[in-house]
Amino acid sequence: MAALKAENARLQAENDRLRRVLTDVCGQIVCGQLTGKLPDKFLEQFNQLPDRPLEHVLRFLPAHQVVQMRHVSHKFDSLIKKCSKTMPKKERNGSIAFKSYNTGELSVELFDHCGRRITETTLTGNKVALSELLRFIRIVGLMYFGEGLSATNKVLDQLSKAWLTIRPEMVVFAGDFSRTSRDTLRAFLVKVEPSIRRLHFQYASNMAVSILSDDVIGAAGRLDSLIVMPVPWYSRRPAYNIGDDTLLAMADADHESSYFLVKGCSGITPGGIRAFVQMWMKKWMKRGKSKAGANSTGYRYRYEWDRCELTFYQCANVTPAAVEEACGDLLKKETTASVSSKEMNDQVLYFIECNSTNRRLEIRFNSESFRSHFVTEPRRGIALDRLIYGRLFDDRVESEMEDEDEEEDDGDGFDVDSNDDYDPMNYF
Amino acid sequence: MIQLCSNDDPPVSFTVPRKAVELSKTIKTMLEDLEGFDMEQTPIPLPNVDAPTLELIVKWVEQHQDDPPPVEKPRVEDDDSDDSDADDDQEPEVVIPEWDKKFLPTDDEQKNQLFKLLNAANYLEIKPLLDIGCKYVADKISGQTVEWVRDYLNMENDYTPEEEAKLKEEIAWAEGL
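Top line first, the protein sequences correspond to chains A and B. Everything in the first sequence is counted per my numbering, starting at 1 for the first residue and increasing by one. Everything in the second sequence is counted per my numbering, starting at 429 for the first residue and increasing by one.
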């Protein structure tokens, strides 16, 4: 009974609603004539497009012109500001570099993937906001925080807010961290998490011990590569709270080459390394078996391993002896005379290879080979690939880049001999 | 058949096949709301559309009534792309068909008619018509100076010289994009 009553009430309500709708429609018509007064300037206003069609028009325009169009009128300006968030972005698989030579000034340079400079601007307090700049472009390649206070809270906050426009695959922090807080850094990493695969803290200065932890790195999600090699202004022996969690999170990396190069991460234990090696073996050895018999044309470089490199620098719990004790049964040992070190110490490395998948896992200690993974600061004339892999696959890249200006390249600060400031022996 | 009335005094009415008129989402929704009433006998007033514009609209919907409904674009996504904002984000790809090229009031003296048409397409929610119209306007504007665009869109420069100078400085960086 109650159900019937409810049904009746519902039908009644629906009936009333329809009646009202019809009255609304028909009420305006008396004998086919429209009644009621039209708003003032009713017809004139249609000589202009209202916001929605205008917004639509803007979507079809190239980004640089949309920016110019701000000049048309206040209305246009506010419309552009309003809708730029959802506008199609100019996507650039290139690099963006932030530098701060003078306090309060941030220079931003944008390069395409061939190393052509697209635009450059200097942001000061009252001039252009970074968010303005990010309205129309999307960065999908490399984001490089270079010299000076380039990654301050203020900068990172703005980038986090413009998260739709930042999709970097690689983020490099190589500047001064004295005005960067842990929370801001973490919030930024959360925002780039969908796209980021490689995260570098390479020669970043003034990195307080409290700034990095498993939790902060974990905010960046699944990484293929990680470098934590700060310049230790604070202490000769930093002890970052980075441990096995961060290491093991990377065991799943699928990238052709991956690396995990850390300094002073006290939380990493030989047990964690063993777990990593086992996960790696499970992943690649198993896959190798299942693929056995399949043709081998899938390998890109038959003469080279797809490497997974772990390098531990001054990590309290990780010594060759400890690693050998923990994983000696899994790994092979290799000893080579150190090339660059003036002391005649032998370099020990542990490795395991999987022929069928062409993979090789290496564990190194206090080795300088990590420098090959450092990313060069973006500059005019150097293609993105070269910034990232320039040193890694040097001989191969060289031939592709014959037309490049070699002079310029030599100044990139990554020749060990040419840059005394960054002589690793002084820092580590 | 459905009758549509313009906002003129006296209104001009057009009789349009229901299938054609339903290209307008606004009218389609209304007709669905009024299911059960005999809408064939009730002219629908369009307070935002004048007779010449309505005539164009009618012409367009009649021409396009048999078009296949717009396909929901398949989501081609990389495994690592975000899911939430991808829709709004893609550059729309709109090609103006031959018939529509001739149909759009494209002479310069007709530009106000074009704007009225886009207004109506917006109000009536006829997305394909809005798309091609806006694409046409964008192509027209593309590469033109600010002064030209202002004139074309019947907009007035309401910036003070100071504001203008400041803005110029602000947008200088975008030249290279």
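It is worth saying that the hints were derived from the structure and are not from the lab. Treat the numbers as computed from the prediction; the structure is a model and nothing was measured. Glycine included, every Cβ here is placed at the ideal spot set by N, Cα and C. Just so you know, not all the hints are guaranteed correct.
Said to hold, decoys possible - The calculated DSSO-like cross-link candidates involving lysine-lysine, where the alpha carbons are at most 27 angstroms apart (straight line), are:
| # | chain 1 | residue 1 | chain 2 | residue 2 |
| --- | --- | --- | --- | --- |
| 1 | A | 154 | B | 594 |
| 2 | A | 82 | B | 596 |
| 3 | B | 530 | B | 487 |
| 4 | B | 529 | B | 555 |
| 5 | A | 75 | B | 594 |
| 6 | B | 487 | A | 82 |
| 7 | A | 75 | B | 555 |
| 8 | A | 75 | A | 161 |
| 9 | A | 81 | B | 594 |
| 10 | B | 594 | B | 456 |
| 11 | A | 75 | B | 456 |
| 12 | A | 82 | B | 529 |
| 13 | A | 82 | B | 539 |
| 14 | B | 596 | A | 81 |
| 15 | A | 99 | B | 456 |
| 16 | B | 530 | A | 82 |
| 17 | A | 161 | B | 596 |
| 18 | A | 75 | B | 530 |
| 19 | A | 82 | A | 5 |
| 20 | A | 282 | A | 332 |
| 21 | B | 453 | A | 99 |
| 22 | A | 81 | A | 5 |
| 23 | A | 161 | B | 594 |
| 24 | A | 5 | A | 75 |
| 25 | A | 81 | B | 555 |
| 26 | A | 82 | B | 594 |
| 27 | B | 568 | A | 75 |
| 28 | A | 81 | B | 487 |
| 29 | A | 81 | B | 568 |
| 30 | B | 539 | A | 154 |
What the hints assert, rightly or not - Derived DEER-like restraints, expressed as beta-carbon distance ranges:
| # | chain 1 | residue 1 | chain 2 | residue 2 | range |
| --- | --- | --- | --- | --- | --- |
| 31 | A | 161 | B | 465 | 46 to 54 angstroms |
| 32 | B | 576 | A | 117 | 27 to 35 angstroms |
| 33 | B | 526 | A | 15 | 16 to 24 angstroms |
| 34 | B | 456 | A | 153 | 46 to 54 angstroms |
Unchecked claim - Residues from chain A that face chain B, not an exhaustive set, calculated with beta carbons under 8 angstroms:
| # | residue |
| --- | --- |
| 35 | 52 |
| 36 | 67 |
| 37 | 71 |
Verification of the supplied hints:
Pair hint residue 154 of chain A plus residue 594 of chain B holds up; C-alpha atoms about 23 angstroms apart against a cutoff of 27 angstroms. Of the pairs offered as hints, the one joining residue 82 of chain A and residue 596 of chain B holds, with about 19 angstroms between alpha carbons and a cut-off of 27 angstroms not exceeded. For the proposed pair residue 530 of chain B and residue 487 of chain B, the alpha carbon gap of about 12 angstroms is at most 27 angstroms, so the pair holds. Distance hint between residue 529 of chain B and residue 555 of chain B is fulfilled; the C-alpha atoms sit about 16 angstroms from each other, no more than 27 angstroms.
Simply put, residue 75 of chain A and residue 594 of chain B have alpha-carbon atoms about 17 angstroms apart, close enough for the 27 angstroms limit, and the pair holds. Between residue 487 of chain B and residue 82 of chain A the CA atoms are separated by roughly 34 angstroms; this puts the pair beyond 27 angstroms, and the hint is violated. At roughly 24 angstroms between alpha-carbon atoms, residue 75 of chain A and residue 555 of chain B fall within 27 angstroms of each other, so this suggested pair holds. The suggested pairing of residue 75 of chain A with residue 161 of chain A holds, with an alpha-carbon distance near 24 angstroms, which does not exceed 27 angstroms.
At roughly 16 angstroms between alpha-carbon atoms, residue 81 of chain A and residue 594 of chain B fall within 27 angstroms of each other, so this suggested pair holds. Between residue 594 of chain B and residue 456 of chain B the alpha-carbon distance is near 48 angstroms, which puts this suggested pair outside the 27 angstroms criterion. With a CA separation close to 32 angstroms, the supplied pair residue 75 of chain A and residue 456 of chain B exceeds the 27 angstroms bound. For the proposed pair residue 82 of chain A and residue 529 of chain B, the alpha carbon gap of about 31 angstroms is over 27 angstroms, so the pair is violated.
A distance of roughly 26 angstroms separates the Cα atoms of residue 82 of chain A and residue 539 of chain B; the hinted pair therefore holds under the 27 angstroms criterion. The hinted pair formed by residue 596 of chain B and residue 81 of chain A meets the criterion: a straight-line CA distance of about 16 angstroms does not exceed 27 angstroms. Annotation: proposed proximity of residue 99 of chain A to residue 456 of chain B is violated, straight-line Cα distance about 56 angstroms (limit 27 angstroms). As the CA atoms of residue 530 of chain B and residue 82 of chain A are separated by approximately 34 angstroms, the hinted pair breaks the 27 angstroms bound.
Among the hinted pairs, residue 161 of chain A with residue 596 of chain B is consistent with the structure: their alpha-carbon atoms are about 25 angstroms apart, no more than 27 angstroms. For the hint linking residue 75 of chain A to residue 530 of chain B, the alpha-carbon distance of about 31 angstroms lies beyond 27 angstroms, and the restraint is violated. Proximity of residue 82 of chain A to residue 5 of chain A is assessed by CA-CA distance (about 49 angstroms); at most 27 angstroms being required, the pair is judged violated. At roughly 17 angstroms between alpha-carbon atoms, residue 282 of chain A and residue 332 of chain A fall within 27 angstroms of each other, so this suggested pair holds.
A threshold of 27 angstroms between alpha carbons decides the hint, and for residue 453 of chain B with residue 99 of chain A the separation of about 51 angstroms lies outside it, so the pair is violated. With a C-alpha separation of about 53 angstroms, the suggested pair residue 81 of chain A and residue 5 of chain A falls outside the 27 angstroms cut-off, and the hint is violated. The straight-line distance between the Cα atoms of residue 161 of chain A and residue 594 of chain B is roughly 24 angstroms, inside the 27 angstroms bound, and the hint therefore holds. Restraint check: the Cα-Cα separation between residue 5 of chain A and residue 75 of chain A comes to about 54 angstroms, which exceeds 27 angstroms; the hinted pair is violated.
A C-alpha spacing of about 23 angstroms is found between residue 81 of chain A and residue 555 of chain B, which places the hinted pair at or below 27 angstroms, so the restraint holds. Taking the CA atoms of residue 82 of chain A and residue 594 of chain B, the gap is near 20 angstroms; set against the 27 angstroms cutoff, the hint holds. A hinted pair counts as satisfied when its Cα atoms are at most 27 angstroms apart, and residue 568 of chain B with residue 75 of chain A qualifies at roughly 20 angstroms. Using a Cα cut-off of 27 angstroms, the hinted pair residue 81 of chain A and residue 487 of chain B is violated, with the two alpha carbons roughly 36 angstroms apart.
For the given pair, residue 81 of chain A sits about 22 angstroms from residue 568 of chain B by alpha-carbon distance, which is consistent with the 27 angstroms threshold. Straight-line distance between C-alpha atoms of residue 539 of chain B and residue 154 of chain A comes to about 46 angstroms, which puts the hinted pair past the 27 angstroms bound. Range check, residue 161 of chain A to residue 465 of chain B: Cβ separation about 50 angstroms, and the 46 to 54 angstroms hint holds. A C-beta distance of roughly 29 angstroms is found between residue 576 of chain B and residue 117 of chain A, which places it inside the suggested range of 27 to 35 angstroms.
Separation of residue 526 of chain B from residue 15 of chain A is about 49 angstroms and departs from the stated range, judged on CB atoms against 16 to 24 angstroms. At roughly 51 angstroms, the beta carbons of residue 456 of chain B and residue 153 of chain A sit within the given window of 46 to 54 angstroms. Interface hint at residue 52 of chain A: satisfied, since its Cβ lies 5 angstroms from the closest Cβ of chain B, which is below the 8 angstroms cut-off. Against a cut-off of 8 angstroms between C-beta atoms, the interface hint on residue 67 of chain A holds, since the closest Cβ of chain B lies about 4 angstroms away.
With its C-beta approaching chain B no nearer than about 4 angstroms, residue 71 of chain A sits inside the 8 angstroms limit, and its interface hint holds.
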